[in-house]
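S.K.: What follows is each chain in one-letter form.
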Amino acid sequence: MPVFLKLEGIRKEFGAFTALHGIDLQIEQGEFVCFLGPSGCGKTTLLRIVAGLEVQTAGRIEQGGRDISRLPPSERDYGIVFQSYALFPNLTVADNVAYGLVNRKVPRVQARARVEELLRLVGLPGSEGKYPAQLSGGQQQRIALARALATSPGLLLLDEPLSALDAIVRLHLRQEIRALQRKLGVTTIMVTHDQEEALSVADRIVVMNHGAIDQVGTPMAVYREPATPFVADFVGRVNTLAATAEPGGVRIGQAMFECAHERPAGTAVKLYLRPEDVLARPIAAGASNVFVATIEKIEFLGSYCLVRVAAPALGEARLTVYLSLNFLAEQTLDVGSQLPLRLLPERLRLFDA
Amino acid sequence: MAPGPARLRGTAADHVASGALLLVALGLLAFLALPLLALLVQSLEDAQGRFAGLANFVAYAHSPALLQSLWNSLWVSVVVTAVAVPTAFVFAYALTRSRMPGKALLRGITLVPLLAPTLLAAISLIYWFGNQGVAKGLLAAFGIEQIYGAPGIVLAQIFAVFPHALMILVTALAASDARLYEAADAMGTTAPRKFLTITLPGAKYGLISASLVVFTLVITDFGIPKVIGGNFNVLATDVFKLVIGQQDFQRGAVVALLLLAPAVLTFAVDHLVQRRQTAMLSARAVPYRPRRAPVFDGLMLAYCVLVALLMLAILGMAVFASFAKFWPYDLSFSLRHYELGLVDAEVGEGFVNSLRMAAGTAVAGTALVFAGAYLTEKTPALGRLRGVVRLLAMLPMAVPGLVLGLGYIFFFNAPANPLHGLYHTMALLTLCTIVHFYTTGHLTAVTALKALDAEFEAVSASLKVPWWTTLRRVTLPICLPALLDIARYFFVNAMTTISAVVFLYSPQTKVASIAILNLDEAGEIGAAAACAVMIVAASSLATFVFWLLARLIERRTQAWKA
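Listed in order, the protein sequences are those of chains A and B.
Counting in the working numbering, the first sequence runs from -7 upward without gaps.
Counting in the working numbering, the second sequence runs from 2 upward without gaps.
Okay, chain A solo, but in the shape it has when bound (with noise of 0.2 Å):
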């Protein structure tokens, strides 16, 4: 695929803050695209530099081969939705999406037709003549989906488009705007700061932290294989234990683990591990990394409970895990019982401390 939206050293300043340091990025055609974060990270503000409602201090844009860096919003190629949907409270619905295209002159009835289409194509038919106030909040922000899509954009923006939405309402409608996204094939970036939004609908997630990208890459990849502690941290759950490096693995109190690495024996290091990198069962004759464990809470979850298990092998160090309800029936373990536990070595990941 060739690449259709290319950031070049792009910063921002805002006085003496430094929002951005020099963002590069190259997004290819057709992909979804997730800027990731916590608030204050810079994702909205690199989205709006996108879009050419900030102003960059310096850096160059380059969209479809073309140079977009000064270019003002009016004379770029995208559409845009909001987390406040931002529709139009007086016009009707058929008006709030039609309103990119009376402006091209595009006649009456290819206007209606146009209209008709993308209703259906966000699952809101017939709702031409209703306001935005008489629909619910996922309704009004299909619609204005609907709306940034009419003009047929090379390019969606969406600014945390779900975060004003119900539970619920959230997770259809992020599978609805992957799958409608696939279907148009539409270079889509959207921000969010929800890891499990990003995890499930986007091609590629760009992590960021302090105007800066931590790591790029696949879903998978970023959570599996993270870059830095911080997106370590950020996506997904996480255990982090004080170790030492040793050759072959690595010791966590008195006790050594294997683990593929390669660090100078004695060095001090930080290892992360995800609560169901932990296994408790089937545990076979001999395996490495095995300890007996403590369990000293059990957090309630679901299928799922969280656990949080003490083992004289750690030493004061607590190493949180995911057990299946049925698990803990079957063995009937509660409060105080002790199991056998083993870490993954291939899923153990070091950090500098």
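Keep in mind the hints are simulated off the structure, nothing from the lab.
Fair warning: this is a prediction, and the values are worked out from it, not measured in the lab.
Certain hints may be false.
Derived Cβ-Cβ restraints for the label pairs, each shown as a range [stated by the list, open to error]:
hint: 1; chain 1: B; residue 1: T470; chain 2: A; residue 2: G118; range: 25 to 35 Å
hint: 2; chain 1: A; residue 1: S128; chain 2: B; residue 2: T191; range: 45 to 55 Å
hint: 3; chain 1: B; residue 1: T190; chain 2: A; residue 2: Q126; range: 39 to 49 Å
hint: 4; chain 1: A; residue 1: V47; chain 2: B; residue 2: A175; range: 41 to 51 Å
hint: 5; chain 1: B; residue 1: A365; chain 2: A; residue 2: S144; range: 53 to 63 Å
hint: 6; chain 1: A; residue 1: S295; chain 2: B; residue 2: L201; range: 29 to 39 Å
hint: 7; chain 1: B; residue 1: D186; chain 2: A; residue 2: S295; range: 56 to 66 Å
hint: 8; chain 1: A; residue 1: V(-5); chain 2: B; residue 2: A13; range: 44 to 54 Å
hint: 9; chain 1: B; residue 1: T191; chain 2: A; residue 2: V47; range: 57 to 67 Å
hint: 10; chain 1: A; residue 1: R174; chain 2: B; residue 2: T470; range: 28 to 38 Å
Glycine included, every Cβ here is placed at the ideal spot set by N, Cα and C.
Starting from the structure of chain A, add chain B where the hints point.
M.R.: Coordinates of chain B only, in the frame set by chain A:
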């Protein structure tokens, strides 16, 4: 990579917005900033136009008569503030914290002074307690020799400023969190303690704001001391005497600057206070709903009825006297004063002038105010210019009408000024009135615009729709109620204002409120009362028409408000 200038290429639409904003800025510069500058310059020059430093101020400080006026102005304003604010506070407390019946009516009655020129109260008091007043004896019983002077000024001012204080205090008391009271009840707190620890602190900023506003209104008002002041001189009447009577522009300018001081102080403090007030109440606050308490509600009702009756007595006396044949000897019904006023004294013409000026102010003022607010809030027009316009838009709040009018004389009466041709014209009276009341209109427009989604313009730009199309199709229709509100405010204030226009009219452009002053001066107090009543009637009618229009719009837009 060399960092380029942080700016996007401007579009035609951007240039149009910048050009329009430049026009607004130039207008505010010519009709607000430069006249004030002219006033300042005048105060620093001698009669021959040479730079005199602070000589005029020194001379003022050595003039015992003028210092007496300063003292008079100060203590009268303090007394009015000390009476009016607590009175209004109890009234506001009754409106917001009791379940007494007739709240809307009682509130409506107390807002009537806003529809009248301030001097209506003074005229009415003369009928009650003047030399031929019906209740003159009552005054003597209180040990007051005569109504002319400080007693009359204080009473009339209390009537005139009451609604201003009441509106601020109702807003302050209405913004209360019921949860605080529930928490206090749960801890078994006594009523007086709740009042002292929750209610008063909550209304603190409102009380400060109301006191400052009342003080400023009183010290800068011209109509009341002119009519009922007698030999009791205050700063506002001094300015008039010095400038119009003695043609002593320099000292007039000094006194005007003294009047500017409390207004600027009020403005600054109010600005700080409002910033804190908004931070005080979280969005999650639950509004307080008073519970029924027969004794308390009854007491509150009695109090409010008393206040409302006193206000009606003032208003009613003016109406009654205007229809009385020959006060105090023949009180039979007659239209004599209306005839005399309208026909013989050419007030009819003045009344038509007033209506023309009010209509012009309402139309042109609303257009100008909205354009200024829209361009600064919603378009990508020149950044630095936006700051200048915002500042200039807030400035009129801090400038008393008398000061503005005087600045206009100095600026527009200068033969070298290319705008000199405007002097004494209806256009200049209208512009001066627009500028005088600009800030309130501006704030209303800004509030309405800020309530709109901030991304409308971004969405429009992404759809390649220019800003004026979105203004026409979306922003203006949604802001229509606010526009009507601004127009009504301009109309009513243009009908009742005296302080700025008193310096600017010519025999051809005399307005009704000025005609009242002249009639009073000529001893035709009956005709003056008739004229004041006509202004109240016109303002009330206009308010009613605007209310009808607002209802009509609301019905038409109900579909999308859902």
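S.K.: Now tell me, hint by hint, if it's right for this structure.
M.R.: To see whether the hints hold, each was checked on the structure:
Checked against the hint of 25 to 35 Å, the pair T470(B) and G118(A) passes, with Cβ atoms roughly 27 Å apart. Checked against the given bound of 45 to 55 Å, the beta carbons of S128(A) and T191(B), roughly 48 Å apart, stay inside it. Checking the proposed 39 to 49 Å range against T190(B) and Q126(A) shows it holds: the Cβ atoms sit about 46 Å from each other. At roughly 42 Å, the beta carbons of V47(A) and A175(B) sit within the given window of 41 to 51 Å.
At roughly 44 Å, the beta-carbon separation of A365(B) and S144(A) lies outside the given 53 to 63 Å, and the hint is violated. Range check, S295(A) to L201(B): Cβ separation about 56 Å, and the 29 to 39 Å hint is violated. As the Cβ distance of D186(B) to S295(A) is approximately 45 Å, the hint placing it in 56 to 66 Å is violated. Checked against the hint of 44 to 54 Å, the C-beta distance between V(-5)(A) and A13(B) comes to roughly 32 Å, which is inconsistent with it.
Checked against the hint of 57 to 67 Å, the C-beta distance between T191(B) and V47(A) comes to roughly 60 Å, which is consistent with it. The hint said 28 to 38 Å for the Cβ distance between R174(A) and T470(B), and at roughly 33 Å that hint holds.
In this structure, the earlier hints numbered 5, 6, 7, 8 are contradicted, and the remaining ones agree with it.
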